[in-house]
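Q: For reference, the chains in residue letters:
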Amino acid sequence: MAGMDLTTRLGAIELRHPIMNASGTFDVLEADAVLQPDLLAGFPFSAYVPKTVTLKPREGNVPPRLYETAAGLLNSIGLANKGIEAFMEEDLPRLAALKAPLIVSVAGERTADYGVCAGMLADRSEVAAVELNVSCPNVELDGRALGCDPDRTRRATEEARQATSKFLIVKLTPNVTDIVALARAAVDGGADCVSAINTVHGMALDPWTLRPVLGHGSGGLSGPAIKPVALRAVYLVSRGLDVPVIGMGGVTTAQDVLEFMAAGATAVAMGTASFRDPLLAGRLVGGLETLMKERGISSAAGLTGRSHG
Amino acid sequence: MAARPAQPRPAGDGKEDAVKGREAPGPAALHDCRVVESRPVGAYRLISFVCREIAAAARPGQFVMVRESGPALDPLLPRPMGIHDIGSDLISILIEPVGKGSGRLAASKVGDRLAVLGPLGRGFDLQKKGQAVIVGGGIGVSPLKLLARALAERGRSMRLILGFKSRDQAASAGLFRDFDGEVFTEDGSVGSRGLVSEPLPGCLLPPPEGEPAPEVFACGPGPMLSAVARISSECGVPGVRTQVSVATHMACGVGSCQGCVVAAAGGYVKACTEGPVFDAEELKW
Ligand SMILES: Cc1cc2nc3c(=O)[nH]c(=O)nc-3n(C[C@H](O)[C@H](O)[C@H](O)COP(=O)(O)OP(=O)(O)OC[C@H]3O[C@@H](n4cnc5c(N)ncnc54)[C@H](O)[C@@H]3O)c2cc1C
Ligand SMILES: Cc1cc2nc3c(=O)[nH]c(=O)nc-3n(C[C@H](O)[C@H](O)[C@H](O)COP(=O)(O)O)c2cc1C
Ligand code: FES
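Protein chains in written order, with the numbering used here: chain A, 1 to 309; chain B, 310 to 594.
Calculated from the structure, these hints are not laboratory results. For every residue, glycine included, the Cβ atom is placed at its ideal position computed from N, Cα and C. Heads up, a few of these hints could be off.
Derived BS3-like pairs: lysine-lysine, alpha-carbon spacing no greater than 25 Å straight-line [as the list claims (entries may be wrong)]: (1) B/409 - B/474; (2) A/82 - B/593; (3) B/593 - B/437; (4) A/82 - A/99; (5) A/56 - B/409; (6) A/56 - A/82.
Here are some, though not all, of the chain A residues that point toward chain B, as calculated from beta-carbon distances under 8 Å [as the list claims (entries may be wrong)]: (7) 27; (8) 63; (9) 65; (10) 80; (11) 224; (12) 277; (13) 279.
Construct the complete structure from the given sequences, taking the supplied hints into account.
A: Set out below in structure tokens:
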């Protein structure tokens, strides 16, 4: 559309439109083998975030790992991944063919792991940015997520900051009393950007046996059901801090993208909605353009934070 | 700021937005399919929809991810459904309504539209020779129709054993009338009383000199599959192969979410891309 500027920036990283994918919900290497179009060449998202990797491989949680709730999805995947070494050896070279900036998501069972992982990626040119997933169960905190503790979050971010000069994103968990305090801790530790939100703690019972459905007992809720929670988090964090925010949590329609941007997001990520339609993101871009035009907004930059008044 | 549009617009997802001209054209992985048949088959419902691409590509044991087309966000995700049968441009699925998603799909009427991704997964391997012993339990009989047809085309001799809880489930045995099936029900209301595992040992006999060993194909509930796997591994006939199709909870169907895993000897494997058909001996029972 003439005169519309959908590009947006995360530091020096230019995105051709604001919609990226959320970690753990789109595996481009797997999907490329299954879906018709060539996904590496015609990637629908403006940046690619693979599934979180950890220092050592993780098997993940015992199944069942998924259960659908009202307009939402509960999952307890348990950060199943092949480990950062295998990722760097097997996946990174293949991802170099991708026509979008690559943001690698890492997590650790210990605070120090964040520095080690960030350091391993520091001089890989395929990697545009590093995202710290602080929702991993932490052995130093009796299995609670490090992202629930401002002090640990700051220290993990510092470790990563010292290990890399790449653009550093900290992905916030909503399962805290004061998400702005956690965001501030990340920025104090050296984060260039925060993303919000990861999944919301939740549980479902089997209607017959009345036992928890998920093998792990409880899990993380995602999808449209959590959008209001996420929107508020993005609003509060972007008002409270001076770094760009990547907004996510239930983004499913072009209207959702518009609202997350207006709430203060510089870019948005789509997760669960990709399970409804793996190529949805690409088509929402046109929808976003129309919605902006109808409202007399001509650029993504002009949309960000519109709700702040 | 521009004036508000006179009519509030529903915030649909991209597919539906296309109708209102607010979506750029782009590659579509999902097929938008029209339902042309919807009829009860006892406790189940047979739904057929038009999709030439899937019909041309589908292999026995593969599945589709299906949901209602439209912006409704509850049910949110598509559900995995085995491909029951194919015509030149038709796909049939057989649905057991057990909850929200399957219940809604089973309520599809002629003319409704479904959003369908597929064909997906690794189906049955049809390379081997030897007698085929096909074992189905409950709704697990569904994908065995396409399998039986493919084996018949290859001239494989087969035994088809279908087991159900009750008469209303056993009505689906009628879908297999082209094949000579044996029906078992737990309550004895149709066919023989008992479980499908009972006749199985009698099917797994040493083949005549120089002939390949029998091969088992099974789809059904977990306990049935584990009984089948145990019986065939203990039958004492060398070379018996057992392929099982497993059902797990799925979100993406394309290998993205890691939600659908089952335990195999070397760790978890994804049912959507590495299965749903596995060699029984690969899995942990
Ligand atoms: C490869 C594959 C092929 C399948 N083929 C068919 C088919 O041909 N016909 C058919 O009717 N069904 C089939 N299924 C099962 C079907 O996908 C589930 O029954 C359906 O997803 C349940 O969704 P729901 O919303 O109706 O149930 P929910 O409301 O989510 O759950 C209802 C109950 O069913 C259980 N459940 C949910 N999902 C599954 C599942 N995938 N397997 C076992 N139990 C489950 C839940 O734990 C709960 O107790 C298949 C599954 C797979 C993985
Ligand atoms: C199946 C599944 C797996 C996920 N795995 C990860 C992960 O590995 N790392 C991570 O940071 N977030 C993970 N998430 C969270 C998402 O990235 C996202 O923050 C969350 O789902 C909210 O967005 P959505 O509602 O659009 O899905 C996962 C979510 C789902 C549903
Ligand atoms: S259903 Fe998502 S990985 Fe198999």
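Q: Regarding the hint that residue 27 of chain A lies at the interface with chain B, is the smallest CB-CB distance below 8 Å?
A: holds (4 Å)
Q: Quickly compare the C-alpha distance for residue 82 of chain A and residue 99 of chain A to 25 Å and report which way the hint goes.
A: Roughly 24 Å separates the two Cα atoms, so the pair holds.
Q: Using Cβ atoms only, decide whether residue 80 of chain A comes closer than 8 Å to chain B, and label the hint accordingly.
A: holds (5 Å)
Q: Under 8 Å is the threshold here; is the Cβ of residue 65 of chain A close enough to any Cβ of chain B for the hint to stand?
A: holds (5 Å)
Q: When the nearest CB of chain B is found for residue 279 of chain A, is that gap smaller than 8 Å?
A: holds (5 Å)
Q: For the pair supplied as a hint, residue 56 of chain A and residue 82 of chain A, confirm whether the alpha-carbon distance does not exceed 25 Å.
A: It holds: about 8 Å lies between the C-alpha atoms, which stays within 25 Å.
Q: Taken at face value, is the distance from the CA of residue 474 of chain B to the CA of residue 409 of chain B at most 25 Å?
A: Holds: residue 409 of chain B and residue 474 of chain B sit about 22 Å apart, inside 25 Å.
Q: Go through the hint on residue 277 of chain A and say holds or violated, using the shortest Cβ distance to chain B against 8 Å.
A: holds (5 Å)
Q: Taken at face value, is the distance from the CA of residue 409 of chain B to the CA of residue 56 of chain A at most 25 Å?
A: Outside the cut-off at roughly 38 Å; violated.
Q: Regarding the hint that residue 63 of chain A lies at the interface with chain B, is the smallest CB-CB distance below 8 Å?
A: This hint holds: residue 63 of chain A lies near chain B, its Cβ roughly 6 Å from the closest one there, short of 8 Å.
Q: Could you grab the alpha-carbon distance between residue 82 of chain A and residue 593 of chain B and see if it respects the 25 Å cut-off?
A: OK: residue 82 of chain A and residue 593 of chain B at ~20 Å, within 25 Å.
Q: Given the hinted pair residue 593 of chain B and residue 437 of chain B, is their alpha-carbon gap at most 25 Å?
A: Given that 25 Å is the threshold and the Cα spacing comes to 23 Å, the pair holds.
Hint check: a violation occurs at hint 5 only; the rest are consistent with the structure.
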